[in-house]
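S.K.: So the chains spell out like this:
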Amino acid sequence: MRPRVSFGIRVIVLLIVLFAAAALLAPWISPHDPLRQSLLLRLKPPGSATASAGLFPLGTDDLGRDLLSRILYGARASFIVAILSVSVSLVVGTLLGLAAGWFRGWTATLIMRFVDAMLSVPAILLAVLTVAVIGPSFVTLVLVLGLTRWPRYTRVAYAATLQVAGLPFIAAAEMAGADSARILLRHILPNIAGPLLVVATSEFGLMILFEAGLSFLGLGIQPPAPSWGSIMSAGRQYVERAWWLTVFPGLGLFTLVVCVNVMGDWLRDRLDPRSAGR
Amino acid sequence: MRRYIARRLLQAAIATFLVITIVFFVMRLSGDPTLLLVPEGATAEQIAALRHALGFDRPLAVQYLGYLGDLAHFDLGQSLVQRAPVWLIVASRLPYTMALAAGALVFALVTGIPAGIAMAVWRGGVTERLLSALVLAGQSLPTFWSGILFILLFGVSLHWLPTSGADGPASLVMPSVVLGALAMATFARMTRISVLEELGRDYVTAARARGLSMGAAVVRHVLRNAAIPVVTVVALEVGNLLAGAVIVETVFAWPGIGQLAMQSIFARDFLVVQAIVLFVSMVYIALNLATDLAYSAIDPRIRGMA
Amino acid sequence: MRGSRVLAIAAVAACLSAHHAAAQPKTELTVDLAADAATLDPQLQWDTDSYSIYRNMFDNLLTRDVAGKIVPQVATAWHYTNDTTLVFDLRTDIKFHDGTKLTPEDVAFSVKRIVDPAFKSPQLSQFDQIAGAEVTGPAQVTLRTKSPYPALLAQLVKLSIVPKAYVEKLGDVRFNQEPMGSGPYKLRAWQRGVQVTLDAMPDYWRGKPPFASVVFRAVPDGPTRIADLRAGRADLIRGLSPDDAEALKSERQVRVLSVPTERVAYMFVNALAGPTADVRVRRAIAMAVDRESLITALQQGFAKPVNEVLTPANFGYDADVKPWPFDPVQARALIKAAGAEGAKISFLTSPVYDRRLNEAIQQMLADVGLQVEIQMMDQPTYLRRRQGTPVEAGALSQGRWSCACQDADGVIFPLFRSGSIWSKYSNPAFDTEVDAARATLDEAVRKTHYRRALDILREDVPGVGLFQDVAIYGAKPQLKWTPTANEAFFVMDMAWQP
Amino acid sequence: MTPALAVHDLRLLIGGAAVVDGVGFAVAPGEVMALVGESGCGKSLTAHAIMRLLPDAVRQDRGYVALDGDNLSVLSERQMRLVRGRRMSMIFQEPQAALDPLSTVGAQVAEGTGSPLRQARAAVLAMLDEVGIADPARRIDQYPFELSGGMCQRVMIASALIARPAVLIADEPTTALDVTIQAQILDLLRRLAIERGTAIVLITHDMGVVADIADRVAVMYAGRIAETGDTAAIFARPRHPYTALLLAALPRRTDVPRSRLAVIEGRVPAPSEFPTGCRFAGRCPLADARCRAETPLLREVARGHLSACWHAEAVR
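Residue numbers (our numbering), protein chains in the order written: chain F, 1 to 278; chain A, 1 to 306; chain X, 1 to 498; chain D, 1 to 316.
Hints are supplied without guarantee of correctness; some may be wrong.
As the list claims (entries may be wrong) - Non-contacting residues of chain A with respect to chain F, defined by C-beta distances greater than 12 Å in every case (computed):
1. E40
2. E45
3. M98
4. L161
Claimed, not checked - To give an idea of the chain F side of the interface with chain A (calculated C-beta under 10 Å), a few residues:
5. T107
6. I111
7. R113
8. L119
9. A123
10. I124
11. L125
12. A132
13. I208
14. P224
15. W228
16. G235
17. V258
18. C259
No wet-lab data here; the hints were simulated from the structure.
All residues carry an ideal CB built from backbone N, CA and C; glycine is no exception.
Required output: the full structure, derived from the provided sequences and hints.
M.R.: Right under this line is the structure:
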């Protein structure tokens, strides 16, 4: 955990890059069309090959689709949902936090009380509820995840803004006639970016887990579009006969989340030494 | 102190009210459960008649005020699907979730805290490396995946434990471990930091200078001081355990309120869902409050101020 | 509240420490269902799991035998005095579990209770053709319907008789928690979400029940139900998937029981809006779906081919109606002719429906040049759109239809009759036939009308019958039981093999 | 006579750097020996090394400590535990930090006896009384936060001396305290040393404190002993330029006695940049080529007075 780029961190970064590349390049590196079914090739074990269809390195699912291709495309879904929902909550949370920290008074009370209320409902429960009721779709998923997870950013941004706003150079900028928006964006935001980045990284891992979890419950990415969660959910029915359907996507998910978490710890140690290791 | 508690209680009340309101309206975003209740051949008139009888043709504001009015009389209402008092339905499932949450908490505490202590005391060694790998795993394992793997390994292959359901104490083991893994990781990390911080303090050296062994110093002095930040996370984790129960209870077919919540959400059994969310949020809020009060139990400095 | 909480905790403790001995000879029957009963009041919820449990605690006015024929139960005989008046003679030797006699008043009360709008029974629409019920003799009840109603007897098969005095004393809410009937079993304990335990009534009027007690457990997870059966924790399990059944077939300690049901798997095809408003496209879709491979590959043979949107278990089914053949070449040509090549076709669905079937059909239609977009939504939204205007309803969706009345009137009438909420199809000729079949009690005449109606449907294709669903059960080999098409679950009909 | 405590040729390493190098001294029963130096000179590490309570990062690769003639380095950790508190104890710079905030005063003092407070209560009360705590019966059940800094240090002393150890290591015991309290604590230590015959190793950076209570003094610079001898002799005539500068910086008695040693120009080199030769050469007005090339060893410049300077005789 020492703040220098150790061998372990290099491996982690490499793995994350590999995952991202797999997600990005899925259409080109997948051996099969992830949606192409073949009812005659259902539930074939890893390594199965047929003369006509070729090799299925990780086997096939319950509709005879290639599991490896579906996992590669599933990485895509994980990344896109996580990136978008983290962006949504980062933007919403930061803006609210900045506003609360800058204007203080009633604005701050209002915003921070709402943050308290949001934090007093377990986010996953709220997400499950909302998605189940609105009906699952990609947009719903991103919005619900994004809009249930912003309070953590608000808290961090609020505390950091309060701290930075008290520093002399801000007063100087104010006296020089800069308006609030300019000060917030040009002077304060860059100074609170570090802690926000730390939160965003740890949230990134959580979002990947949430997406998979909701898809597992049938509330996330909808079949036939591949997502790690929905592949596992379908695979659960066949857990005794087709273990590969749950083991491989889960392994991908687990590895990616481990990498993101390690990365998050490392970033935190570098950028936010006060809370080292937390 | 009393004023502080009063203020916190007021905050809690506002938060609860917001939660109730959000959930009430979210649940009604996609319409009412009438369509789910009628037989397939029902005509439009028959559907309208049942909707009227159930009161779902009233304006939302009227339904909302009615619900608040009932709540004010501590009336959670009657389940549309089960036609029984909501409190009875929730209360009959609650013991299962409590058993599961307690099992998970016990698992997380008895593994996480010693692991955290060990990582701090034997820092830099093989022990720490092994344990931090374990902690990282606990933190990164999706419960629905580890749940299935456990079922596959201990239930299907080894036949050690029942695969799912609530069938004897053995069936509590797997869901508790799976649900508790994340909390275990959190406790271990928190304990490690906290103990490390305390180990560096003079009073530890002073205690050892008086002839105490390292172990005795840790047990007699370090743990209690390190406990304060850990207590906070323990309380918060209990709330997260209740929320996490939604997925774990689904995977293990555990008949607690998490499973009930999922069933009721899909059946649009509004009042049951609202009652569960209300309950979980209140537990969450109460735990937060309890944490603050727990500080004073541990720390005489705060007790002095009370 | 506190007291009951304590009790509930004690109950969990008891359940957690209970050991399920698997020793023979067994007098207990343990059944794994997918869910707990929603209600045990037989006049409220009627989902399959609730139904399976409470029907064993009550007697019904009428019932069906194994062959599906309507036979007496509480009623001994019945006759129409005119097209809207039906007189039932009743047994006089039936007692409720508390020893009170089942009287005609109880029967009349049961009818009036379920049709009372204030009672808000979800089953109301099945009985709302009934205008009244009067006691007309010491062992006689007379029902009146609003108009001639051929499906009345089929509906009355589902009417359980509840004890008037007891219900009135407890009120509806408590009756649902402490139900009592006159059936072969009475309620011992109900652990919500976990299990319902029933005890036999040894002096039951139809004979001594086969098991001293029956436990219905809620086991939502399919693989767990199978594990329970294999391990002997359950004697009978419901809701096996075809894949599971196929895998279990070879095992000696388990017997797979299956029966074709009256449930028809069908595909709705919107005849009023979108690309499918063109009958050529609809016919092409009918020819593009390879129903044979759906049955063999997806259903593992646990399904029966059907010629129409109806099953042989329904009155009115006609095997002579010829379905469209599987012919992708012809289908592609038709689509080209209709100018619908590459057309986007929406396929509405919800998590309730078999995902694999959706995706398989999507692929089959893609093979003939139609771009199917599966739109997943939650069940209430799905129902609202499917039952809404033709434009809202989407082009396609799949469904599994059962009217629980085994009559064509309960299937093709609501699905395709103009004006019905499900129907996105309008053909006056068809309407005339199904209306006529509804207005008479003469079975031969009704059959003729249905044959004509089915011929019209075949040409117009507002829906495609995919297969007859098969209910699959897993049981211990020693259990003797013949499951029936109406998915009834009468413990009275089961026994341990000697 | 066997000294109560003798340190021989101690060397401590952090990484590769010898932060303490060749330190040795002896203390007789009832004697107060001061170890003086700027912060970072290794005096505090020496104290921890004597107690065998070094931080993980510090390694001792040479030398040993003898307590009443017994070589402590051959003891196991378990045996060492019996030495700590009973035969030798230690008090610290920040008394409030050195007390567990969550344990009562009495419980912590009792730890020195090895038995729980319930059994040791009378002894603890007596000890608290002996270190000058008023109303010990009330104080015994209080928590450290309820006590002033000076009282906390008295508690520390009580906990360190309750088992009547022969040696007390006092690591900057008065630095964190007010001037008046400082004097009281020093008096207390002095009195205990005389009454109980305890040998005291007093670690300090304050020559004023040394003048107050030390019988003998060892001046440390950059991990080595620069000069050692009787307090009176050294104050009368320092034989090391460093000591001379320290004494020169010492204000007269009437001035504020909490003078810092940093008044000497320049700063102590970091362990990684210790020069060859005399480590003080960089700041020494007398330094010449020899000082920068050869390490001066301690040599007797007067009876009982040793100095590690090539120019000991030239020091004024």
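S.K.: Now, for every hint given, state plainly whether the structure supports it.
M.R.: For each hint, the structure was consulted:
1. E40: holds (21 Å)
2. E45: holds (27 Å)
3. M98: Holds, because the least Cβ-Cβ distance between A:M98 and chain F comes to about 16 Å, which exceeds 12 Å.
4. L161: The claim stands: A:L161 keeps its Cβ more than 12 Å from every Cβ of chain F (closest is about 15 Å).
5. T107: violated (17 Å)
6. I111: violated (13 Å)
7. R113: holds (7 Å)
8. L119: holds (8 Å)
9. A123: holds (8 Å)
10. I124: This interface hint holds because 5 Å falls under the 10 Å limit.
11. L125: This interface hint holds because 5 Å falls under the 10 Å limit.
12. A132: Holds, because the Cβ-Cβ distance from F:A132 to chain A comes to roughly 5 Å (cut-off 10 Å).
13. I208: Constraint on F:I208 satisfied, holds at 9 Å.
14. P224: violated (20 Å)
15. W228: holds (9 Å)
16. G235: holds (8 Å)
17. V258: With a minimum Cβ separation of about 4 Å from chain A (threshold 10 Å), the hint on F:V258 holds.
18. C259: The hint holds - F:C259 has a Cβ within 10 Å of chain A, the shortest such distance being about 9 Å.
When each numbered hint is compared with the structure, violations occur for hints 5, 6 and 14.
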